[in-house]
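Protein chains in written order, with the numbering used here: chain A, 6 to 62; chain B, 252 to 683.
Any given hint might turn out to be false.
As the list claims (entries may be wrong) - Simulated pairs of lysine-lysine, DSS-like, Cα-Cα distance not exceeding 30 Å:
{"id": "1", "chain 1": "B", "residue 1": "Lys516", "chain 2": "B", "residue 2": "Lys464"}
{"id": "2", "chain 1": "A", "residue 1": "Lys16", "chain 2": "A", "residue 2": "Lys45"}
{"id": "3", "chain 1": "B", "residue 1": "Lys490", "chain 2": "B", "residue 2": "Lys461"}
{"id": "4", "chain 1": "B", "residue 1": "Lys475", "chain 2": "B", "residue 2": "Lys319"}
{"id": "5", "chain 1": "B", "residue 1": "Lys649", "chain 2": "A", "residue 2": "Lys45"}
{"id": "6", "chain 1": "B", "residue 1": "Lys475", "chain 2": "B", "residue 2": "Lys490"}
{"id": "7", "chain 1": "B", "residue 1": "Lys475", "chain 2": "B", "residue 2": "Lys464"}
{"id": "8", "chain 1": "A", "residue 1": "Lys35", "chain 2": "B", "residue 2": "Lys490"}
{"id": "9", "chain 1": "A", "residue 1": "Lys35", "chain 2": "B", "residue 2": "Lys464"}
{"id": "10", "chain 1": "A", "residue 1": "Lys45", "chain 2": "B", "residue 2": "Lys638"}
{"id": "11", "chain 1": "B", "residue 1": "Lys285", "chain 2": "B", "residue 2": "Lys475"}
{"id": "12", "chain 1": "B", "residue 1": "Lys490", "chain 2": "B", "residue 2": "Lys464"}
{"id": "13", "chain 1": "B", "residue 1": "Lys461", "chain 2": "A", "residue 2": "Lys35"}
{"id": "14", "chain 1": "B", "residue 1": "Lys475", "chain 2": "B", "residue 2": "Lys461"}
{"id": "15", "chain 1": "A", "residue 1": "Lys16", "chain 2": "A", "residue 2": "Lys35"}
Honestly, the hints are just simulated from the structure, not real lab data. In this text, all values refer to a predicted model and were calculated from it rather than measured experimentally.
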Amino acid sequence: MDPKSSIPSLKNVSAQQIRQALLDFKYDRKPATLMPRLAKGYSDAELAAVAEYLSRD
Amino acid sequence: MAGLSRRRFLQGLAGFGASFLGGCGRLPLSSGAKAHVVVVGGGFGGATAAKYLRLLDANIQVTLIEPKAKYITCPGSNWLFASLTSLDQLTVDYQALRDRYGVKLLVDSVTRLDAAQRRLRLASGQSVSYDRLIMSPGIDFRWDAIAGYDQATTEQFPHAWQAGPQTLLLARQLQAMPDGGLVLIAVPADPYRCPPGPYERASMMAYWLKQHKPRSKILILDAKRSFSKQTLFEAGWTKHYGYGTANSLIEWHSLADNPLLQLNKQSRVLTSEFGDQFSGDVLNIIPPQTAAQIALQNGLTDSSGWCPVRPLTGQSLFDDFIHVIGDAAHYAPIPKSAFAANSEAKACALAVTSLINQTPIPEAHWLNTCYSLIAPEHGISVAGVYKLDAANAIMPVKGAGGVSAGTDGEAAALEADYTRAVYRSLMADAFG
Chain A
6 MDPKSSIPSL
16 KNVSAQQIRQ
26 ALLDFKYDRK
36 PATLMPRLAK
46 GYSDAELAAV
56 AEYLSRD
Chain B
252 MAGLSRRRFL
262 QGLAGFGASF
272 LGGCGRLPLS
282 SGAKAHVVVV
292 GGGFGGATAA
302 KYLRLLDANI
312 QVTLIEPKAK
322 YITCPGSNWL
332 FASLTSLDQL
342 TVDYQALRDR
352 YGVKLLVDSV
362 TRLDAAQRRL
372 RLASGQSVSY
382 DRLIMSPGID
392 FRWDAIAGYD
402 QATTEQFPHA
412 WQAGPQTLLL
422 ARQLQAMPDG
432 GLVLIAVPAD
442 PYRCPPGPYE
452 RASMMAYWLK
462 QHKPRSKILI
472 LDAKRSFSKQ
482 TLFEAGWTKH
492 YGYGTANSLI
502 EWHSLADNPL
512 LQLNKQSRVL
522 TSEFGDQFSG
532 DVLNIIPPQT
542 AAQIALQNGL
552 TDSSGWCPVR
562 PLTGQSLFDD
572 FIHVIGDAAH
582 YAPIPKSAFA
592 ANSEAKACAL
602 AVTSLINQTP
612 IPEAHWLNTC
622 YSLIAPEHGI
632 SVAGVYKLDA
642 ANAIMPVKGA
652 GGVSAGTDGE
662 AAALEADYTR
672 AVYRSLMADA
682 FG
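So that you can see chain A by itself, here it is in the shape it has in the complex (with noise of 0.2 Å):
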């Protein structure tokens, strides 16, 4: 989307391959600066909501 961003685009990233990245992020499995704090917020099942709504095209 945004050609500067050093945030990764999730254009073409299924619901299944971000609902394992957040809860990889909750669960300490990926190391990253800001997502391991955020995602701890959320049950699993939140995640998986939001997994599926970014997914949306």
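Given the structure of chain A, go ahead and fit chain B onto it with the hints provided.
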């Protein structure tokens, strides 16, 4: 929006919006609209609320009332002191809200709020009726805190706490100061807009002074005992600006027990309760704050000067049909930030849509992330996720949020990138 394709929905709305409001200047209701929601204030809170109301229910007519045709963002405005941005780059208009989402824009200001009749009188003479009103009016300053510091005096000693001419004035004063000069930054007690803002400002000024006037000093006089992201800021200042040494570009002093009470503008001296005197080449006085005048004048504030709300819906405790969001509202422990205002606006838009459609109000979650730049390649952040507890009070979710964990150069550089990227994303989400 359940089941609806997000992007296709937006595309469909673009065309619809044009025919919906194009050439239709009469208020209150266009035919076919089931309710009219008026949003007052076009900052991050108001813009987001207006946009998301239209996304959530295209049959709700939305009018945004904002006195300025263009908005200059407070986020990013400290970067100007390090010559990393310009006011132009921080300026956005409301064209996308109007053209893409069908928000009706009135460049006008509210002169009277008649809550009993649910009607606003505007400076242009026009009257606007509402079914629900969302107020996102921002802040105003308390001129009774430091005797001698008032609206007129800000032309000499800028607060620069609303981005625009004040920001430029402060930047020019910094640039005109002699090498070896002293900058005073007076910081108020909590709560105020953008808790880490004064310390990012000191960082950005120090970055510029280090290159251009390295014998200078910034003295932060703080009404608090501690401040947001203090450990991270102080580590960054040590790394970049000699913090803690005799030649440090930045010094921080708590005046929690000895507040600044008086300004003598002729002698440029600030005097504290115990009689300590402070002066400098540049005096940046950030006064204590309240909700904006319109909220104070219409009985939406309590004795704190801020607007108490029911957090689930944002409804004012004093009027069920008026919702208050953003810096003016009391959402503590959520800080007063643009990111938080954006989050409060979405929860409020969802609640307003539910109230209009008489459907259950969904559980609210709020999110905040505040990035600050210590240097162009050194960013830090604090984040929080918030929900309601059993007593319907806002609480941070345990185990989530907190400040930057990584302190090495790589993490700091990544977070500096994200500082800029998140600013662009927030702008796109609120105004684009």
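Results for each hint:
A distance of roughly 25 Å separates the Cα atoms of Lys516 (chain B) and Lys464 (chain B); the hinted pair therefore holds under the 30 Å criterion. Distance hint between Lys16 (chain A) and Lys45 (chain A) is fulfilled; the C-alpha atoms sit about 24 Å from each other, no more than 30 Å. Using a Cα cut-off of 30 Å, the hinted pair Lys490 (chain B) and Lys461 (chain B) holds, with the two alpha carbons roughly 13 Å apart. Between the alpha carbons of Lys475 (chain B) and Lys319 (chain B) the distance comes to roughly 34 Å, so the proposed pair goes past 30 Å and is violated.
With a CA separation close to 9 Å, the supplied pair Lys649 (chain B) and Lys45 (chain A) stays within the 30 Å bound. The straight-line distance between the Cα atoms of Lys475 (chain B) and Lys490 (chain B) is roughly 24 Å, inside the 30 Å bound, and the hint therefore holds. Between the alpha carbons of Lys475 (chain B) and Lys464 (chain B) the distance comes to roughly 29 Å, so the proposed pair stays at or under 30 Å and holds. Pair hint Lys35 (chain A) plus Lys490 (chain B) holds up; C-alpha atoms about 28 Å apart against a cutoff of 30 Å.
Simply put, Lys35 (chain A) and Lys464 (chain B) have alpha-carbon atoms about 43 Å apart, too far for the 30 Å limit, and the pair is violated. A threshold of 30 Å between alpha carbons decides the hint, and for Lys45 (chain A) with Lys638 (chain B) the separation of about 13 Å falls inside it, so the pair holds. With a CA separation close to 49 Å, the supplied pair Lys285 (chain B) and Lys475 (chain B) exceeds the 30 Å bound. For the given pair, Lys490 (chain B) sits about 18 Å from Lys464 (chain B) by alpha-carbon distance, which is consistent with the 30 Å threshold.
For the suggested pair Lys461 (chain B) and Lys35 (chain A), the alpha carbons sit about 38 Å apart, so the restraint of at most 30 Å is broken. The hinted pair formed by Lys475 (chain B) and Lys461 (chain B) meets the criterion: a straight-line CA distance of about 27 Å does not exceed 30 Å. Between Lys16 (chain A) and Lys35 (chain A), the direct Cα distance comes to roughly 20 Å. Compliance with the 30 Å bound is thereby established for this hinted pair.
Hints 4, 9, 11, 13, counting from the list given before, are not met by this structure.
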